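K.L.:
Chain A is already provided as a structure; the job is to place chains B and C on it using the hints.
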Amino acid sequence: MQLTLHVWRQDSPGKAGRHEKYEARDVSEHMSFLEMLDVVNERLTEEGKEPIAFEHDCREGICGTCGMMINGVPHGPKSMTTACQLHMRSFKDGDEIWIEPWRATAFPVLKDLVVDRSGFDRIIQSGGYISVRTGSAPDGNAIPIRKEDADAAFDAATCIGCGACVAACPNASAMLFTAAKVTHLAKMPQGQTERWDRVLGMVETHDAEGFGNCTNHGACQEACPKGISIDYIAQLNRDLIKATLSAKPEESGKDA
Amino acid sequence: MELKSNIPSGPIADKWDNHRFDMKLVNPANKRKYEVIIVGTGLAGASAAATMGELGYNVKVFTFHDSPRRAHSIAAQGGINAAKNYQNDGDSVFRLFYDTIKGGDFRSREANVYRLAQISLNIIDQAVAQGVPFAREYGGLLANRSFGGAQVSRTFYARGQTGQQLLLGSYQALERQIQAGTVQISTRQEMMDVIMVDGVARGIVTRDLVSGKLQSHTADAVVLATGGYSNVFFLSTNAKHCNVTAAWRAHRRGAGFANPCYTQIHPTCIPPSGDYQSKLTLMSESLRNDGRIWVPKDAGDSRPARDIPESERDYYLERIYPSFGNLSPRDIASRRAKEMVDAGHGIGEMKNGVFLDFKDAIARLGQDQISERYGNLFAMYEKITGESPYKQPMRIYPAPHYTMGGLWVDYDLMTTVPGLFAIGEANFSDHGANRLGASALMQGLADGYFVIPLTIGNYLARVSHDSVSDDHAAVRDTEREVTERLDRLMSVNGNRTVDSFHIELGRLMWNACGMERSEAGLRDAIARIPELREEFWRDVRVPGSAADLNQSLEKAGRVADFMEFAEVMCHDALARDESCGAHYRVEHVTDDGEAKRDDENFSHASVWEFQGVGNEPRLHKEELEFENVQLSTRSYK
Amino acid sequence: MRRVATLYRTTVGKKVLMAVSGLILFGFVFTHMLGNLKMLLPPEGGHFAMDVYAEFLREIGYPLVPHQTLLWVARLGLLGAVFIHILSAVQLSQASRAARPQGYAKEESLSLSYASRTMRWGGVILLLFIVYHILHFTTGQAHSSFVAGAVHQNYVAAFQSPLVYLVYLVAQTALCFHLYHGVWSFFQTLGLSHPKYNHLRRPFAVGFALVTFVGFLTPPTLVLAGVIS
Numbered sequence: 457m458q459l460t461l462h463v464w465r466q467d468s469p470g471k472a473g474r475h476e477k478y479e480a481r482d483v484s485e486h487m488s489f490l491e492m493l494d495v496v497n498e499r500l501t502e503e504g505k506e507p508i509a510f511e512h513d514c515r516e517g518i519c520g521t522c523g524m525m526i527n528g529v530p531h532g533p534k535s536m537t538t539a540c541q542l543h544m545r546s547f548k549d550g551d552e553i554w555i556e557p558w559r560a561t562a563f564p565v566l567k568d569l570v571v572d573r574s575g576f577d578r579i580i581q582s583g584g585y586i587s588v589r590t591g592s593a594p595d596g597n598a599i600p601i602r603k604e605d606a607d608a609a610f611d612a613a614t615c616i617g618c619g620a621c622v623a624a625c626p627n628a629s630a631m632l633f634t635a636a637k638v639t640h641l642a643k644m645p646q647g648q649t650e651r652w653d654r655v656l657g658m659v660e661t662h663d664a665e666g667f668g669n670c671t672n673h674g675a676c677q678e679a680c681p682k683g684i685s686i687d688y689i690a691q692l693n694r695d696l697i698k699a700t701l702s703a704k705p706e707e708s709g710k711d712a
Numbered sequence: 004m005e006l007k008s009n010i011p012s013g014p015i016a017d018k019w020d021n022h023r024f025d026m027k028l029v030n031p032a033n034k035r036k037y038e039v040i041i042v043g044t045g046l047a048g049a050s051a052a053a054t055m056g057e058l059g060y061n062v063k064v065f066t067f068h069d070s071p072r073r074a075h076s077i078a079a080q081g082g083i084n085a086a087k088n089y090q091n092d093g094d095s096v097f098r099l100f101y102d103t104i105k106g107g108d109f110r111s112r113e114a115n116v117y118r119l120a121q122i123s124l125n126i127i128d129q130a131v132a133q134g135v136p137f138a139r140e141y142g143g144l145l146a147n148r149s150f151g152g153a154q155v156s157r158t159f160y161a162r163g164q165t166g167q168q169l170l171l172g173s174y175q176a177l178e179r180q181i182q183a184g185t186v187q188i189s190t191r192q193e194m195m196d197v198i199m200v201d202g203v204a205r206g207i208v209t210r211d212l213v214s215g216k217l218q219s220h221t222a223d224a225v226v227l228a229t230g231g232y233s234n235v236f237f238l239s240t241n242a243k244h245c246n247v248t249a250a251w252r253a254h255r256r257g258a259g260f261a262n263p264c265y266t267q268i269h270p271t272c273i274p275p276s277g278d279y280q281s282k283l284t285l286m287s288e289s290l291r292n293d294g295r296i297w298v299p300k301d302a303g304d305s306r307p308a309r310d311i312p313e314s315e316r317d318y319y320l321e322r323i324y325p326s327f328g329n330l331s332p333r334d335i336a337s338r339r340a341k342e343m344v345d346a347g348h349g350i351g352e353m354k355n356g357v358f359l360d361f362k363d364a365i366a367r368l369g370q371d372q373i374s375e376r377y378g379n380l381f382a383m384y385e386k387i388t389g390e391s392p393y394k395q396p397m398r399i400y401p402a403p404h405y406t407m408g409g410l411w412v413d414y415d416l417m418t419t420v421p422g423l424f425a426i427g428e429a430n431f432s433d434h435g436a437n438r439l440g441a442s443a444l445m446q447g448l449a450d451g452y453f454v455i456p457l458t459i460g461n462y463l464a465r466v467s468h469d470s471v472s473d474d475h476a477a478v479r480d481t482e483r484e485v486t487e488r489l490d491r492l493m494s495v496n497g498n499r500t501v502d503s504f505h506i507e508l509g510r511l512m513w514n515a516c517g518m519e520r521s522e523a524g525l526r527d528a529i530a531r532i533p534e535l536r537e538e539f540w541r542d543v544r545v546p547g548s549a550a551d552l553n554q555s556l557e558k559a560g561r562v563a564d565f566m567e568f569a570e571v572m573c574h575d576a577l578a579r580d581e582s583c584g585a586h587y588r589v590e591h592v593t594d595d596g597e598a599k600r601d602d603e604n605f606s607h608a609s610v611w612e613f614q615g616v617g618n619e620p621r622l623h624k625e626e627l628e629f630e631n632v633q634l635s636t637r638s639y640k
Numbered sequence: 531m532r533r534v535a536t537l538y539r540t541t542v543g544k545k546v547l548m549a550v551s552g553l554i555l556f557g558f559v560f561t562h563m564l565g566n567l568k569m570l571l572p573p574e575g576g577h578f579a580m581d582v583y584a585e586f587l588r589e590i591g592y593p594l595v596p597h598q599t600l601l602w603v604a605r606l607g608l609l610g611a612v613f614i615h616i617l618s619a620v621q622l623s624q625a626s627r628a629a630r631p632q633g634y635a636k637e638e639s640l641s642l643s644y645a646s647r648t649m650r651w652g653g654v655i656l657l658l659f660i661v662y663h664i665l666h667f668t669t670g671q672a673h674s675s676f677v678a679g680a681v682h683q684n685y686v687a688a689f690q691s692p693l694v695y696l697v698y699l700v701a702q703t704a705l706c707f708h709l710y711h712g713v714w715s716f717f718q719t720l721g722l723s724h725p726k727y728n729h730l731r732r733p734f735a736v737g738f739a740l741v742t743f744v745g746f747l748t749p750p751t752l753v754l755a756g757v758i759s
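Heads up: the sequence lines are chains A, B and C, in that order. Under the working numbering, the residue at position 178 of the first sequence is numbered 634, and the numbers go up by one with no gaps. Under the working numbering, the residue at position 401 of the second sequence is numbered 404, and the numbers go up by one with no gaps. Under the working numbering, the residue at position 30 of the third sequence is numbered 560, and the numbers go up by one with no gaps.
Just chain A, same shape as in the assembly (with noise of 0.2 Å):
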């Protein structure tokens, strides 16, 4: 199929970008979209021209790297699906498309399609993940977990830190990330000693980063490629509010 690209082209941080047309041509059904990007970056290369910088690695939908706007969705037209797992057969012959990088304060475009989504380590830092010192765990089995509880904790976990939550919140949130993190270790017994600083402190950082608020229009959660749930944000918003507001919310660690 022949296909017609406008991507946003933008030589590096804080310079003016512009879309610019490309012509795709002979697209087999077959390809990932990253494989028909590689396609027209190998033909502007032999043309002498600089190809379209666009991120990506595993290939398979696990590392969170590839991303960007696709006819402006998250990832493009597939639900559950990030780019790299896109093929060209959701797709016909003649369509425009339509590629932009994530757009938000807090994710800066560095060129072309790649953004820096370092905001999303600096959230982990205040708080997401549990003080265990090397050497010092106690067996594995001497915490037992009931299994929906591990269960609830996985899907929480499954989280690739893409960042299409921000790209199609219209209040470029990252509340679906942060929320994600707090209820995986918020689900543990593991997580509740430090429960409570956690997500004050991943809050403040988001807000900090420059991410906006959560509306709860629930776009997120539709753009999420592994159905990251927006239930999950209640979850925070009531540990948020139990951290500040009830008395000593160190002592009620174990209320789940």
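Heads up, a few of these hints could be off.
[Said to hold, decoys possible] Cβ pair distances, simulated, as ranges: (1) Gly591/A <-> Arg533/C: 32 to 40 Å; (2) Pro533/A <-> Phe629/B: 56 to 64 Å; (3) Asn9/B <-> Pro533/A: 54 to 62 Å; (4) Glu140/B <-> Leu606/C: 30 to 38 Å.
Everything labelled a hint here was simulated from the structure, so no lab data went into it. Quick caveat: nothing in here was measured; it's all calculated off a predicted structure. All C-beta atoms in this analysis are idealised placements derived from N, C-alpha and C, irrespective of residue type, glycine included.
P.N.:
Here is chains B and C on its own, set in the frame of chain A:
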């Protein structure tokens, strides 16, 4: 080059304990005075950085990703082994040790493997305490499964995303230390070279992938946790950015490279669909539990699977290996598939795969049961191919997956360069000629959490050297060499793209040094690689500028190193004139068509010393001694 | 207090204020709707039920406190809630704009509901409506034949005009959407979430919004249709 493995004395079960007692310790108050550089943030790198930061060392960690969480450990699906014996099925540290040695076809170092089996117990505890959501039973205790043909259930798992969950555990531990200020992280920084001062590794030169700036970082020790080199084949299940550059740069600076020809091929991957194919996707091996592998009996039969009657199908694994059938070991299943495709029985549009058919399993167990077991995998397969495995058989083909070879290290995980360490897939240590399923995660975390944080102290406590200033001649020389190389890449300005060279190299390597190796093929490759390399340096085109985010330049540097590395890989495969584990030389086959080891002549690790580009590397041997296991030959018929 | 300040500093804290003030306003709106249903009752002893009810509201608390005291307390409370509601909305909207100064050239909305996307404009419409509504029925400047205290009569006179009816229909529609997303958001923001009951939150919000919509519009519709006079 001298190979001192520094294996501690004493009975195998006591070696690690004895060694820990014999080690020199760094005074806790002095630890922060020692700077340690860690390159890479996968399971090994992140866990090492977090733990050393915790211990009080001054740690600087580097990754070329935008975040440490992107490392390719994240893609591991199956699980992680540990000799917990929670299932009471007869597992023990010794059994895990024995299985690993045997799985590696008796080409690994006993002492290291025993330590790995011992430490496997602590890894699970550590991960659980960090909040890794392992699968659990209804009683709340950890669940196990049997994996990769093991006779005991010792594999811990988190659905099909064990690597992801373990890496996030290490990543979070690392981020905690970054917040605490004990670890400094630099993201989007690629290591370009090792800085050597008086024969000792004292730092690295990195390139900032956004601004293109080169920067030198000095330290008291350098740890490489930079993964494996499967991408020498271009098409592999590795992430696109996996490369050999860090290890190769270290090799050029004097680190011996051990057993580069040991590369593992995974039998169940989705075959390429066209020339544009950029990588291959693994489908879990567990599919072979219920799927039947077959090809049409007639070469060139291009009818759809459903139109081929039973009588015209060749269930070749069941035919050749009646007792193991479709569950034959990885290397056997892989080679037989290649034979079938080479003989013209390949299926699919490109005739490049074999069928993995669930028709009988669905008839026997019902679609619900199959969906319960493999629903996720079927969905992933359909996402990629557009075909439903419920309705038509999967197409599969083997693909490079993991590399057992790597930088040679001693018992303390130090390379032949003093002060330069290698951990995880980057070293050669524990898997011998073939890695068992669910052992890669175990080794990465053992090295990172429990071995290197101790052994590096043993090194630091023994050396006394001055700090290296930024304008030290060695620092400036190394920086200059890196700059010159980048300038050279930028200035070729030829006609071919970097990828076109990588694809050509990959094809050459896959044919000559992939699943099957022959003397003639290897000799031919050794002759052709330098030609291709020469053409690369004459005709490659790297657009853009070096002072900018330039993905073509990043790739070019890595492919240039693969071009040099490929040669030593072929030399190694040629010199190892036997078949063992994943290394299969067509000249050394048993009457059954199996790999035929030559223990008398090849019971050693081959360690290669760099002699300059284009010169034949020099071979050193570390003889392997087996005091605790009996060498045996496997049979699956 | 320090903790409360911490909460307020976060975006979540501002949303909590939004939710709590919203709950107060929702409580008022719902009670108001119930009160309006008095229009459906026939006059008794020469008095319209609505007028009796209005008188009750004005005199509630008397003689313990002077005339209209509690009414004014309630009015001031509502005013405060409106102020907090709007203030949080403005602050959060500003934060959103700052978080994404540049939009997408091609945008597809993934929001779960139309209501969520229209909260801000819907809120502005409601604010304008409230001003008109007070001038219309409380102070009378916007009413063509206003008689202080004769609530029933003012009500019927107003809704005999299709134009007035239309204004109220638009406002009630906006309110219905606003309530739907507001009620649902209330649960979400205060973390009133439980895997077993979460699927009931949206139907609950829809139910409340619809009951309010129907409750408010039934009497005016009957007036317009000539059933109530």
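K.L.:
Each of the hints needs a verdict: does it hold here or not?
P.N.:
We went through each hint and held it up to the structure:
no.	hint	verdict
1	Gly591/A <-> Arg533/C: 32 to 40 Å	holds, 36 Å
2	Pro533/A <-> Phe629/B: 56 to 64 Å	holds, 57 Å
3	Asn9/B <-> Pro533/A: 54 to 62 Å	holds, 57 Å
4	Glu140/B <-> Leu606/C: 30 to 38 Å	violated, 60 Å
Violation of the numbered hints given earlier is confined to hint 4; every other hint is satisfied by the structure.
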